[in-house]
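**Q** Residue numbers (this note's numbering), protein chains in the order written: chain A, 122 to 390; chain B, -8 to 301.
No lab work stands behind these hints: they were computed from the structure. Each hint should be verified, as a subset may be incorrect.
DSSO-like mimics (lysine-lysine), calculated; alpha carbons at most 30 Å apart, straight line [said to hold, decoys possible]: (1) B:109 <-> B:297; (2) B:109 <-> A:285; (3) A:253 <-> A:311; (4) B:19 <-> A:222.
Derived, one-sided and incomplete: chain B residues facing chain A with beta-carbon distance under 10 Å [to be verified]: (5) 47; (6) 97; (7) 102; (8) 117; (9) 138; (10) 219; (11) 234; (12) 243; (13) 245; (14) 248; (15) 258; (16) 270; (17) 278; (18) 289.
Idealized CB from N, CA, C, for every residue including glycine.
Each chain, written out:
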Amino acid sequence: MAQKMKIKTSTVAPRLGFGLNAWLIAGFLFFVVPMFSAFLFSIQLGDGTYTLGAYQRMLSDPGFGEAIWISARLAIFTVLVSIGLMLPTVTWLHIRAQRLKRVVEFITLLPLIIPPVVIALGFLGSMPLWLKDSVYMLVFAYTVLTLPYVFRSLDNGLNAIDVKTLVDAARGLGASWRQVLVSIIGPNVKSSIYGAIFLAVALVLGEFVISNLLLWSTLPVWMALVGMSDPEGAVALSVMSLVFVWLLLMLLSSFDRKRKVRIDIGGVS
Amino acid sequence: MTEINQSLNDVAITQSGGDNRYRDKSNKLRQLFFEFSGLIPFFVFAALFIGAPTLIVILNAFKTNEGAFTLSNVLLAFTDVYYLSLISSLKLGLTSALTGVFFGLMVSYAVFVSGMKKLQKVVSTASGVFANTGGVPLAFFFIAAIGNYGLVTLALQKIGIDIYSGSFTLFGFSGLVLVYLYFQIPLMIIVIYPALEGIKNEWREAAANLGASKFSYWRYVGIPILIPPVLGSFFLLFASAFAAYATANVLTQGTIPLLPLQVGTLVSGDVVADQSNVGYAMGFEMIVIVAIAMTIYTYLDRRATKWRKK
Chain A
122 MAQKMKIKTS TVAPRLGFGL NAWLIAGFLF FVVPMFSAFL FSIQLGDGTY TLGAYQRMLS
182 DPGFGEAIWI SARLAIFTVL VSIGLMLPTV TWLHIRAQRL KRVVEFITLL PLIIPPVVIA
242 LGFLGSMPLW LKDSVYMLVF AYTVLTLPYV FRSLDNGLNA IDVKTLVDAA RGLGASWRQV
302 LVSIIGPNVK SSIYGAIFLA VALVLGEFVI SNLLLWSTLP VWMALVGMSD PEGAVALSVM
362 SLVFVWLLLM LLSSFDRKRK VRIDIGGVS
Chain B
-8 MTEINQSLND VAITQSGGDN RYRDKSNKLR QLFFEFSGLI PFFVFAALFI GAPTLIVILN
52 AFKTNEGAFT LSNVLLAFTD VYYLSLISSL KLGLTSALTG VFFGLMVSYA VFVSGMKKLQ
112 KVVSTASGVF ANTGGVPLAF FFIAAIGNYG LVTLALQKIG IDIYSGSFTL FGFSGLVLVY
172 LYFQIPLMII VIYPALEGIK NEWREAAANL GASKFSYWRY VGIPILIPPV LGSFFLLFAS
232 AFAAYATANV LTQGTIPLLP LQVGTLVSGD VVADQSNVGY AMGFEMIVIV AIAMTIYTYL
292 DRRATKWRKK
């Protein structure tokens, strides 16, 4: 009888036939071929020999250092502002203001409705001149872009622990709010924070439209500029930025072996 | 959890305020204010950096250069090149969403059915990274592969295939549809995979035991269950392609009119003087279109996930 049942299920359960295998291979090729081509393209010389010249050229270009310096500062400050704003907010929603969660969640989702190019337009129209003159205005624009992912990531993380009890216990023992966030909540939602950091950094390093329209030469803006005269150089930069994002992901995952670093839906372009 | 909190609050209120109704009301208000107070930094941030920019775009869309109310910006956005860019952006969004949904669904299904845990893990992580690939590097990857001097283009030429002999060009509409798949397929995998996982093997067995053929299983069980999430993903993918800027900017250099690129041009300021507010009108137009798409996505996603949790 048991054997009969087994046969029955195995005949109805879907199997990976030739057609589905073909989809897997096609999908694999579609994602790997452009990356691999890009790498070869960046090291190939016209006569069939190979060189790392494009990489050397890019790394020694003064524009590279400037672009990296701007993008790195933006990434660090965006992560700080984003986590610094959202960790207390989401914690508060969990312990004291459950019914306002819907409202806050809705607001954090607005950046998915307002296209980045429109955010750039709005920032140009509404920000005071002194802020527009500073590259740090981009930190606020980028923080806005990270809100949907950071909110969701932290909310998932806090859902998994009994925040209220932890906070009440810590407060009852005399901890300050700062201590509660840094020493109690923070470590407990470590994987959410790493996930949020990864998304924020990937977003800042990939963001083009806002910095381009606001005339700041971040890494992607500089990359696009280089591409107009030196395609090999721009491709080399693209390869480097992809490798960096993968390394960052691996690094953050290795910090956090027990739980997987979460990556939620993104979409930077 | 909410109910428990609520009843705890009620207990606290009745204890402190007795059953005096007025007292009760002012306590509830005080309670709401207390809850709100911890969120003040967030609300201030949102008002300054989401509210103000959005409001400016919407207000300016209905203003003349002198500040008087007008509908002419919005009307102007439906003429000439502005109208053309709306149409081609809509076309690009629809084509990209259709292809993305189809290929993403096929790949997800193949990965799901393979049953290989390792593969599923790799695909899930890779999708997260690819969906977040910056638009500029993405454009250069494809230039290196299938641009005029791309390695794939040259390799195919050697065996007698010229991808540029037909109407295809990387630097036009067809190229954008192809390149956008690079973030659309991963996005589709991320949103549709949980729906595929939600299809229980038991249903298939139950259907088979009741005598259903493979066709009728899909006709009456599989497809009806997948329709809401697939349709929802379509709208999500539409919004992402419709609003995308970077890749299109690098690849087309403005040769095909697209709504985001038009808005960008107007922001940079090379415009006829009396048309400077058309940029705001088109920005407003984009918000409306993306908002509609995202609302439908959210609605269908809620519907699709409702039964999954139970």
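**Q** All hints, please: hold or fail.
**A** To see whether the hints hold, each was checked on the structure:
1. In summary, the hint linking residue 109 (chain B) to residue 297 (chain B) is supported, as the alpha carbons are separated by about 29 Å, within the 30 Å threshold.
2. Our distance criterion of 30 Å between C-alpha atoms is broken by residue 109 (chain B) and residue 285 (chain A), whose separation comes to about 37 Å.
3. Taking the CA atoms of residue 253 (chain A) and residue 311 (chain A), the gap is near 34 Å; set against the 30 Å cutoff, the hint is violated.
4. Distance hint between residue 19 (chain B) and residue 222 (chain A) is fulfilled; the C-alpha atoms sit about 18 Å from each other, no more than 30 Å.
5. At about 4 Å, the closest approach between the beta carbon of residue 47 (chain B) and any beta carbon in chain A falls short of 10 Å, and the interface hint on this residue holds.
6. A distance limit of 10 Å between C-beta atoms decides the matter here; for residue 97 (chain B) the minimum to chain A is near 5 Å, and the interface restraint holds.
7. Contact between residue 102 (chain B) and chain A, as hinted, is supported at the beta carbon level, the nearest pair being about 7 Å apart and thus within 10 Å.
8. The restraint placing residue 117 (chain B) at the interface with chain A holds, with a minimum CB-CB distance near 7 Å, inside the 10 Å limit.
9. Evaluation of the residue 138 (chain B) hint against chain A yields a held restraint, the C-beta minimum of about 8 Å falling below 10 Å.
10. Interface hint status for residue 219 (chain B): violated, as the beta-carbon distance to the closest one in chain A is roughly 17 Å, over 10 Å.
11. At a threshold of 10 Å, the smallest CB-CB gap from residue 234 (chain B) to chain A is about 4 Å, leaving the interface hint in force.
12. Residue-level restraint check for residue 243 (chain B) is violated (minimum Cβ-Cβ distance to chain A is 12 Å; threshold 10 Å).
13. Here the hint on residue 245 (chain B) is broken, as its CB sits about 13 Å from the closest CB of chain A, past 10 Å.
14. Because the smallest distance between the Cβ of residue 248 (chain B) and any Cβ of chain A comes to about 14 Å, over 10 Å, the interface hint for this residue is violated.
15. Satisfaction of the interface hint for residue 258 (chain B) is found here, the shortest Cβ-Cβ separation to chain A being roughly 5 Å, below the 10 Å cut-off.
16. The beta carbon of residue 270 (chain B) is positioned within 10 Å of a beta carbon in chain A (closest approach about 6 Å), and the interface hint is therefore held.
17. Given the 10 Å rule on beta carbons, the hint for residue 278 (chain B) holds: about 6 Å separates it from the nearest Cβ of chain A.
18. Evaluation of the residue 289 (chain B) hint against chain A yields a held restraint, the C-beta minimum of about 8 Å falling below 10 Å.
The structure shown violates the earlier hints numbered 2, 3, 10, 12, 13, 14.
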